[in-house]
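Add chain B to chain A, keeping to what the hints say.
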Amino acid sequence: MLRKKTCVAMLLAGGQGSRLGILTKKVAKPAVPYGGKYRIIDFPLSNCTNSGIDTVGVLTQYQPLELNSYIGSGAPWDLDISNGGVFILPPYQTVKGSEWYRGTANAIYQNMSFIEEYNPDYVLILSGDHIYKMDYNAMLNDHIRNDADATIAVRPVPWEEASRFGIMNTDDENRIIEFEEKPKKPKSNKASMGVYIFTWEKLRKYLMDDEADKKSSNDFGKNIIPNMLGDQQRLFAYNFEGYWKDVGTIESLWEANMDLLSDPAPINLHDKSWRIYAKNAGFPPHYIAKGASVVDSLITEGSEIYGTVHHSIIFAGVTVEEGANVQDSVIMPGSVIKRGAVVRRTIVAENAAIGAGAIVGEETGNIAVIGQGVTLPAGTSVAAGVQVDQDTTF
Amino acid sequence: MKNAMGIIYTGENDSRLRELTMLRAIAALPVAARFRVIDFQVSSMVNAGIKNIGVIMQKNYHSLMDHLGSGKEWDLHGKNEGLHILPPFLTRENVGVYTGLLDAIRSNTNYLERSKQETLVLSGSDIIYNARMEEILRFHQDTGAAVTLMYTKDPSMRRNELGTYLNLDEAGNIVDMEIQPTNPSYENSYMKVMIIKRELLLNLVDKAVAHGLHDLDRDLLMKMVQEGQYKLNAYEYKGECWRIDSVQSYFKFNMDILDPEKRKGIFRDELPVYTKVRDEMPALYGDNANVVNSLIADGCQIEGTVENSVLFRGVRVAPDAHIKNCIIMQDGQVHFGAYIENCILDKQSVIKRNAKLIGPDAYPIVIGKNVVI
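Quick mapping for you: the protein sequence lines, in order, are chains A and B. The first sequence lines up with residues 1 to 394 when you count with the numbering used here. The second sequence lines up with residues 1 to 373 when you count with the numbering used here.
Hint data in this document are derived by calculation from the structure and do not stem from the laboratory. Certain hints may be false.
[Said to hold, decoys possible] Partial pick of chain B residues on the chain A-facing surface, computed with a CB cut under 10 Å:
1) 43
2) 266
3) 272
4) 282
5) 292
6) 297
7) 307
8) 356
9) 372
Glycine is no exception: its CB is placed at the ideal position from the N, C-alpha and C atoms.
So that you can see chain A by itself, here it is in the shape it has in the complex:
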């Protein structure tokens, strides 16, 4: 018998993130590198640890290999404990057959037995798509204080953009009276962040009903939340004001990286009371050579810089050779920028090699992307906004 948990977190990490193009060809979106040493999933996982939530189910489906090996035993997030910890939950087979996760609600439905093992009072639903630091425990306290059935984290968005989001209309006490998906005339600017806390007993019932409804698309936003509202359940909004960035597109992923270079950075990763944990590759510190120039950049362990790096993010084990010039770019782990190459406004994915004298990206325009493991021949030119993967021919 496992000890009872107050709150279990379920992290939806199965999304493909197709708008990230070739960056998610081989890895799921939550495993995409960010900020010099992190992956997107480090943020919700670290938030859980820092919020005192020590039992996390990670639901995977799309390209799970890298994510599985990254999470491993959960040790980097202190989630390698005996009663609880982090669990990878892929779709599985039963006597009734097997099926993929059909929607966010169905994914949780299929893992109800995992949740019940811990007999929790509350379940926290998260996604692995956003960069933010958030105290889920404060939100849980709010949920308990309100005697709520569900609490939905919301953040204010600019009014003119509100019609692109799922908007919560609330009363004076922040109780949700209406939920509108992409309203033409928004009545509020409180956008859902896709972070939910449910009282487990309630959610359980709604998941079962939803599963029985053959017409449902088994989605939290489309089905569960509207159904609960329709039944006059107690749904509350939880206001979140901090930095929150959806890194769903190439441009927004690039921007979120560049945010770390503004002064002061909108998200403080130096905060010792709210560390963001990541798996550590055990490299020596990075080396800046004689003749190198590094300005306005983030650089991490195992990198060797002989050339010029301006306003860029350099991940672990990257080499920038002599005479190479990296500007406004994100260079992911293990990549090499060869002698004399110029890389501007580009995301270079893991273990790629930019050949000597190659010119990638432009000073303005869209972000260029060099895919995982690509070897770009010497002297090649890649225009702004172009994505190059291993199948691209020159």
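What follows is chain B alone, placed relative to chain A:
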């Protein structure tokens, strides 16, 4: 190597490291911007598949214990095996203050008897190396020697009145040893890494201590060589190594690894060096940062000039500050307009606005932990 275990002895003489070892053992000295000396010995063992490692502590072992923790970072937190911290004053047999390595081993007889592995790797903790230990263990097996000692021909390891030197015959057998000679006559410096059968060591140590002997090199190894009853063999380590036995040699190691070739020699791709992780964000370089020929750890924030230096985690360099040929340990701060050259700043020390501190070339100034100048 399931059938080998490791012992690391951390009680070496550290008087020439002055303030640096006032509060810590040599094994716990911060080196190479994010490591401690002991990371190298432990990682060499772990990379050879050794899963049972005992660390004999002697004095000032708090920071060493803090660093090693449960051994998790080295994957040494298994159920039966793992990392065993062996502080003094542990048992009735334990004499507490060890007069030598023999005493230390004798005091930990219980642990050694309980261990199941047949072969034992015994390492000191004041020599930095990164060895392919399974090769040495195989060599030990193949030669059938009772004892195998690892040595190097690297001339920088020689010291007057310090260290042990080996004379070998053509087959690699040890035919003579010199201990702390005024001027070593043999080129082979013993690296304080020895391979021996666990039970043989227990026997030998027991006998030696019963005869009032304390010094492992002098009273045990040297005697074995002279008496000729056992075969003592030597294995040449050809990689990079450093003896950390003085402020100068500590400084030199950190400066040496600024050289990419030397760095590759000790941080070998196939033999990673593990250490405690602090989860700092990557180092941040400001608009006016000017950094050349330096090793920089995560968590640093650099706005000023840094040349030929090693900066540990969380160091802050303000605009207009200038650092040259320095080692700055964890969380050090150098404020606006300060200039420091040839200095070693221990943890959390602060150099205030416009302060100037220049040490002589061959003799770096050591600033103690938490000192504000």
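For each hint, the structure was consulted:
1. Hint status for residue 43 (chain B): holds, given a least beta-carbon distance of 9 Å to chain A, under 10 Å.
2. Taking 10 Å as the C-beta contact cut-off toward chain A, the hint placing residue 266 (chain B) at the interface holds, the least distance being around 9 Å.
3. Evaluation of the residue 272 (chain B) hint against chain A yields a held restraint, the C-beta minimum of about 5 Å falling below 10 Å.
4. Restraint check, residue 282 (chain B) versus chain A: the minimum CB separation of about 3 Å is within 10 Å; hint holds.
5. With 10 Å as the threshold, the beta carbon of residue 292 (chain B) comes within range of chain A, its nearest partner Cβ sitting at about 5 Å, so the hint holds.
6. Taken as an interface hint, residue 297 (chain B) checks out: its beta carbon lies about 4 Å from the nearest beta carbon of chain A, inside 10 Å.
7. At its closest, the beta carbon of residue 307 (chain B) sits 8 Å from a beta carbon of chain A; the interface hint therefore holds under the 10 Å criterion.
8. The interface hint given for residue 356 (chain B) is broken, as the beta carbon of that residue sits about 24 Å from the closest beta carbon of chain A, more than 10 Å.
9. Interface hint at residue 372 (chain B): violated, since its Cβ lies 21 Å from the closest Cβ of chain A, which is beyond the 10 Å cut-off.
The structure fails to meet hints 8 and 9 from the earlier list, while all remaining hints are met.
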